[in-house]
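Q: Here is what each chain is made of, one letter per residue.
2 protein chains.
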Amino acid sequence: MDVGAINCLSYEDFVSVFGNVVERCPIIPAAVWSQRPFPSVAALQAAIFDFIDALPESGKEGILRCHPDLAGKELRGGTLTRESREEQGAAGLDRMDAAEVSRMASLNAQYKERFGFPFVICARASDKAAIAEQMCERLRNAHAQERSRAVEEVKKICRLRLQGLVLTNQINKL
Amino acid sequence: MDVGAINCLSYEDFVSVFGNVVERCPIIPAAVWSQRPFPSVAALQAAIFDFIDALPESGKEGILRCHPDLAGKELRGGTLTRESREEQGAAGLDRMDAAEVSRMASLNAQYKERFGFPFVICARASDKAAIAEQMCERLRNAHAQERSRAVEEVKKICRLRLQGLVLTNQINKL
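Those sequence lines, one after another, are chains A and B. All residue numbers for the first sequence refer to the UniProt record's numbering, where the first residue is 1 and numbers rise by one. All residue numbers for the second sequence refer to the UniProt record's numbering, where the first residue is 1 and numbers rise by one.
Worth flagging that the hints you see were computed from the coordinates, not collected in a lab. Don't take each hint at face value.
Claimed, not checked - Just the calculated beta-carbon pair ranges, DEER-fashion:
hint : chain 1 : residue 1 : chain 2 : residue 2 : range
1    : B       : 127       : A       : 129       : 55 to 65 Å
2    : A       : 98        : B       : 76        : 43 to 53 Å
3    : A       : 82        : B       : 140       : 33 to 43 Å
Every residue, glycine too, gets a C-beta built ideally from N, C-alpha and C.
Using the sequences and the hints, build the whole thing.
A: Laid out in structure tokens, this is it:
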């Protein structure tokens, strides 16, 4: 799907295609649709990032709280969004032994207790060992510093999800 | 569920309970959770409304675009959220004859073409005849006037959903 095709989408189709580029926040693509035509896919991405950056800090934390735990009950219960399931799988979080699951649960709990939002990381750009290491490190951050760090991860995830959508649609056209 | 119980919820339980008080916008309750403890349920509602009011106009339109069509393909396809299904049912939108369905589809299409977001109305406070009449009337509004009118309807819907949640949980406790 090139930017010309994106610009032709009705808001309903646009929200249907891009509704989960930020996890469980269809309001974000639904809001930026007003800015079409986008000169490029990069411009669409920039519009999404600008919308996120313009939110009050509570709104940024709201975005984070729409994310599932890594290797948490939604992975076990099969209720993750398709995108999260693929990302957690790519990092090996669906193939952990009992000790690894227990350590991740303990780190998740510490993190949420400390910050009031879940640990968010671009799992596709990482793996289960590196994720646990990052959690330990980021647990030491100050609250505002960590919120801003986590929002950067939301953007990395969004970038890869957008790329995936644009590529998949190109392949489907071949 | 009284406000004391609400204030004790973890953000995960809070988003799970209040995640759809604004249709498909869990980011909104997820954001206001930071403001607990709420002195009353009315204060929780006010925090949600304040968050909506503080959004840029594009964000308000984003909220509207997360709403389904009235008597549209999501009602027919069974993919509405539980709340929307109950509301559309309460207004009789699931019991229309072919002529009524066709008229509603035509009005929906005109409205979306004109404003770039779907017609939103508090269906519980209305019925199918009054809804069609309102659509005809509101189609004549200027864009900014209609956006603001539609956001008022989002708030009416939110108020009734909140009341429903608080009451249901009280009944469950009896």
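Q: Each hint should be assessed against the structure and marked as holding or not.
A: Now the hints, each set against the structure:
1. B:127 to A:129: 55 to 65 Å: holds (59 Å)
2. A:98 to B:76: 43 to 53 Å: Holds - the Cβ-Cβ distance for residue 98 (chain A) and residue 76 (chain B), about 46 Å, lies within 43 to 53 Å.
3. A:82 to B:140: 33 to 43 Å: holds (42 Å)
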